[in-house]
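There are 2 protein chains.
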Amino acid sequence: MENKLDILFLHAIVITMRGNGVGIIEDGAVGVKGTRITFVGSSEEASGYVAERLIDAANHKVIMPGLIDAHIHSGDGLIRGTAQDLNHWMQHGIWPFEQALRQDEDAVIKGSLMNIMEALKAGTTTFCDFDTPMTKIVENHVKLGTRARVTELISELPKENKTAIGELYEFDPAEGNAKFERCKKLFDRWHGQENGRITCMFGPQGADMLSKELLLEIKSAADHRKTGIHMHVSQGDREIDQMIKRYGMRTIPFLEEVGYLDEQLMAVHLTEATEEETRFLAGRGAGMVLCSGSIAIIDGIVPPAAAFLEVSGRLALGSDQAPGNNCNNMFNEMKFTAILNKCKFGNPSIFPAWKVLRMATIEAARAIGLGEETGSIEVGKKADIIMVDFTQPCLAPIIHYPVRNIVPNLVYSAKGSEVEMVLVDGKVLIDGFKVVSVDEGKVVRDAQEAAFRVAKAAEGPFSRIPDTPLREMMENGEL
Amino acid sequence: MENKLDILFLHAIVITMRGNGVGIIEDGAVGVKGTRITFVGSSEEASGYVAERLIDAANHKVIMPGLIDAHIHSGDGLIRGTAQDLNHWMQHGIWPFEQALRQDEDAVIKGSLMNIMEALKAGTTTFCDFDTPMTKIVENHVKLGTRARVTELISELPKENKTAIGELYEFDPAEGNAKFERCKKLFDRWHGQENGRITCMFGPQGADMLSKELLLEIKSAADHRKTGIHMHVSQGDREIDQMIKRYGMRTIPFLEEVGYLDEQLMAVHLTEATEEETRFLAGRGAGMVLCSGSIAIIDGIVPPAAAFLEVSGRLALGSDQAPGNNCNNMFNEMKFTAILNKCKFGNPSIFPAWKVLRMATIEAARAIGLGEETGSIEVGKKADIIMVDFTQPCLAPIIHYPVRNIVPNLVYSAKGSEVEMVLVDGKVLIDGFKVVSVDEGKVVRDAQEAAFRVAKAAEGPFSRIPDTPLREMMENGEL
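So the protein lines, in turn, are chains X and P. Last residue of the first sequence: number 479 in full-length UniProt numbering, and the count goes up by one each step with no gaps. Last residue of the second sequence: number 479 in full-length UniProt numbering, and the count goes up by one each step with no gaps.
Pulled out of the complex, with its shape left as it was, chain X reads as follows (with noise of 0.2 Å):
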């Protein structure tokens, strides 16, 4: 029978995220049949269906396309809040929990099922996830039912990274080449499974960390597969110094030249790239992914979203690594887009609601591959779906006239624990604020056990960085 529904959302308010703006509909319906969408319409429309499970939305929950974090490395989400206010996040902070973490392969794995449902639980239904070791952490998301396009990390940085400030990296073929290897297991393996919902993408980790020839033979591996290649790119003030010091050029004209300018790249950070470099770089058709709390966090900077906004139409927003934003919640990651770019710019009206949730939604899905399957509510697309409480103080009143207030205070107000209910490929994951598929107790407890053991192991490396400020914190008690 043709209009019979799995589900069918009545009397949403439905922000559809179709044409230009956000495409809301009043007293909306959604119908949803297998992994996708079938219906989408007034809720007096959809009278001549029946569903298997109807869903009053009481004209106070609104009905949206499931966020999308456009790139996150869920293996960190174990050592969350573990280096925060130091000018040197990295030599000052993360590195004796990361090296103690990366040795833990099931600490890895039990903090990115915590880090992925904290996510799952906010609203994020899609996820980029760029992290090692891939082939295990893919798993956390076939277990969950995310939507996930994954990255093995590649680089050639030997394991042990002697390198001192301001010198060249080494490089370790065999050691590039292994990850590699890894990266293509990953695609063979899993780049279409779980009914299409875990794609694979290739993941050079910087320009600088690998050799030009390993980058050439990582883009005809990703051109041979027709897939994406997701990359830090123009991330930091030592990623240019390494590529004038190794090739004499920046980031944005060296990649020109490896011909990795194109619609296949999925360019992640450019905090350092110019307005020059970020127009040329749209101009070619690239993805780009802004992680405004977390470069906030650790280099207070504001990526400059707003002036990204002006060249490209397919931007997409990142949570990044649970060490330095903390949390990986898009609502977050909305809010703080708009917000800093109001301060940076000195303009509140340079970022308004409705383009940052489009970040998060339609456009990000094009930014990273996935335009056709995700990041609306659209017929035939797939049901990424998910309904906001707004009867939560937080969010209320409604207002639709003369000045609707649901899409600013979506993204100025709602802090993501308003997410009711998450929809993926059809199913339902997140169901009366709970999570579905896994104990979310034992989750967080495996996950606390497996932290203990890492901030053990990570006493010994901790106590040998010679001048952390985190020392000193810890003693005057502000820790």
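Note that these hints are calculated values from the structure, not bench results. Accuracy of the hints is not assured; some may be wrong.
As the list claims (entries may be wrong) - Below are the EDC-like pairs computed for lysine to aspartate or glutamate, each with C-alpha atoms no more than 20 Å apart in a straight line:
(1) Lys184/P / Asp172/P
(2) Lys136/P / Asp104/P
(3) Lys136/P / Asp106/P
(4) Lys456/X / Glu26/P
(5) Lys184/P / Glu217/P
(6) Lys442/X / Asp56/P
(7) Lys456/P / Asp27/X
(8) Lys184/X / Glu194/X
(9) Lys442/X / Asp389/P
(10) Lys33/P / Glu44/P
(11) Lys442/P / Asp56/X
(12) Lys456/X / Asp27/P
(13) Lys442/P / Asp389/X
(14) Lys143/P / Glu194/P
(15) Lys456/P / Glu26/X
(16) Lys442/X / Glu139/X
(17) Lys245/X / Glu256/X
(18) Lys33/X / Asp6/X
(19) Lys212/X / Asp172/X
(20) Lys434/X / Asp389/X
(21) Lys427/P / Asp6/P
(22) Lys212/P / Asp223/P
(23) Lys434/X / Asp389/P
(24) Lys136/P / Asp188/P
(25) Lys219/X / Glu257/X
(26) Lys245/X / Glu170/X
(27) Lys456/P / Asp446/P
(28) Lys434/P / Asp389/X
(29) Lys185/P / Glu105/P
(30) Lys427/X / Asp56/X
Small disclaimer: the values here were computed from a predicted structure and weren't measured.
With the hints as your guide, set chain P onto chain X.
Quick look at chain P alone, frame taken from chain X:
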């Protein structure tokens, strides 16, 4: 029996805020008897106590002082989100809604109740509520059980303000006197009521909004009653322009001339104060209140909290009003204050988590004149306590050593929805994440009903704004 307590928290991570840092006790205990904290120590030291209610925090929950919102206009809660992303928030956005709202006292009261409830659920226990009609709004604080230091706004602006932008405001002394009388009545009726939970201050709206004569009368009335003055100071270029036109001097020198700069003053915003003026004000012992979220959204300006830190230990944060900031949540204010300052000064270490936590607790208490009563977990202080659930996936895992991650995660990852329990004056107001004293759903439904009425009434005034971008945004489907 002396060792019989009403409530005893055991096995908690206690963030006492004693001393100069955050004063953490691992495996700590906090005892409450009547309205006060009567025990603080280790769980072991608490073994001799019995309690009516024993709460086992299982080493995964944080007990800390309730947060202090030093500047909120709760009466604006009903029109949340109606005026975002504008260069002229007041003239192009909020004005029609404010007009409609302020003609509907019932709507003001209902919006305020929801607004205070929103903040309470996110761990705010003390409110400096600056609004009108405060004689009615104060009853919301009585009903919910919150600690409130309330102020009736006093200005001499006429009811219908017809001054063009740039012209000197006209004053209506009769209007000013009526408000001053209301403020005195509020004081006489409410100061010290509810076992001292309700106290009253005097509230000149801004140095530009009332005459020198009335300012002097207010100062004398506050002196006589030994209470504080809550006042917007140097809040915008419009204010400075008025001051120069009327008196030939900027706000802070003017306030010095009229004898306002002393410990009695709680100066809010200071966004237009020069560094020298700020130093001068701080040197006189005035408390300073910054509203980071609100000012960033409305003006794209970062109040330079890091600069203020250097000159005063009487600093507090405020959430301001819902139609500017969208949310009234001190976790949001802590996070934005720290991160916006990192970006303003391009320095990730300039504003560490522990400093901003002090600004929302112990320093805030001092800034608002309640330093002896609240703001820390110490024997003898009022039991204004919150319990935060660190088993939620955005706050886990807990790491104690070699680097403790609790305070960074509290500031950079907590959203407020992790607040499981709230006590004010020893009374449990939130229990198991739920409000005890009112029916949450009904509070929201009542506010929603009033909001539809106010929105209807705003249609006329909205239609008469000639050039608001909100109209175009509505037409373009961006709202």
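Hints, verified against the model:
1. Our distance criterion of 20 Å between C-alpha atoms is met by Lys184/P and Asp172/P, whose separation comes to about 19 Å.
2. Of the supplied pair hints, the one linking Lys136/P and Asp104/P holds, its CA atoms being roughly 13 Å apart against a limit of 20 Å.
3. In summary, the hint linking Lys136/P to Asp106/P is supported, as the alpha carbons are separated by about 10 Å, within the 20 Å threshold.
4. At most 20 Å may separate the alpha-carbon atoms for a hinted pair to count; Lys456/X and Glu26/P meet this at roughly 17 Å.
5. Of the supplied pair hints, the one linking Lys184/P and Glu217/P holds, its CA atoms being roughly 11 Å apart against a limit of 20 Å.
6. Between Lys442/X and Asp56/P the CA atoms are separated by roughly 19 Å; this keeps the pair inside 20 Å, and the hint holds.
7. Note on Lys456/P and Asp27/X: the hinted pairing holds, with a Cα-Cα distance of about 19 Å set against a maximum of 20 Å.
8. Between Lys184/X and Glu194/X the alpha-carbon distance is near 18 Å, which keeps this suggested pair within the 20 Å criterion.
9. Taking the CA atoms of Lys442/X and Asp389/P, the gap is near 15 Å; set against the 20 Å cutoff, the hint holds.
10. This hinted pair checks out: Lys33/P and Glu44/P have alpha carbons roughly 19 Å apart, not beyond 20 Å.
11. Annotation: proposed proximity of Lys442/P to Asp56/X holds, straight-line Cα distance about 19 Å (limit 20 Å).
12. Distance check on the hinted pair: Lys456/X and Asp27/P sit about 19 Å apart at the alpha-carbon level, within 20 Å; holds.
13. Distance restraint check for Lys442/P and Asp389/X: the Cα-Cα separation of roughly 15 Å lies within the 20 Å cut-off, and the hinted pair is therefore satisfied.
14. For the given pair, Lys143/P sits about 11 Å from Glu194/P by alpha-carbon distance, which is consistent with the 20 Å threshold.
15. Restraint check: the Cα-Cα separation between Lys456/P and Glu26/X comes to about 17 Å, which is no more than 20 Å; the hinted pair holds.
16. Only pairs whose Cα atoms come within 20 Å are accepted, and Lys442/X paired with Glu139/X is accepted, the gap being roughly 17 Å.
17. For the proposed pair Lys245/X and Glu256/X, the alpha carbon gap of about 18 Å is at most 20 Å, so the pair holds.
18. Only pairs whose Cα atoms come within 20 Å are accepted, and Lys33/X paired with Asp6/X is accepted, the gap being roughly 5 Å.
19. For the hint linking Lys212/X to Asp172/X, the alpha-carbon distance of about 13 Å falls within 20 Å, and the restraint holds.
20. Note on Lys434/X and Asp389/X: the hinted pairing holds, with a Cα-Cα distance of about 14 Å set against a maximum of 20 Å.
21. As the CA atoms of Lys427/P and Asp6/P are separated by approximately 10 Å, the hinted pair is consistent with the 20 Å bound.
22. Using a Cα cut-off of 20 Å, the hinted pair Lys212/P and Asp223/P holds, with the two alpha carbons roughly 16 Å apart.
23. Straight-line distance between C-alpha atoms of Lys434/X and Asp389/P comes to about 16 Å, which keeps the hinted pair within the 20 Å bound.
24. At roughly 14 Å between alpha-carbon atoms, Lys136/P and Asp188/P fall within 20 Å of each other, so this suggested pair holds.
25. A threshold of 20 Å between alpha carbons decides the hint, and for Lys219/X with Glu257/X the separation of about 13 Å falls inside it, so the pair holds.
26. About 12 Å separates the Cα atoms of Lys245/X and Glu170/X, which keeps this hinted pair within 20 Å; it holds.
27. Between Lys456/P and Asp446/P the CA atoms are separated by roughly 16 Å; this keeps the pair inside 20 Å, and the hint holds.
28. Using a Cα cut-off of 20 Å, the hinted pair Lys434/P and Asp389/X holds, with the two alpha carbons roughly 16 Å apart.
29. As the CA atoms of Lys185/P and Glu105/P are separated by approximately 18 Å, the hinted pair is consistent with the 20 Å bound.
30. Annotation: proposed proximity of Lys427/X to Asp56/X holds, straight-line Cα distance about 18 Å (limit 20 Å).
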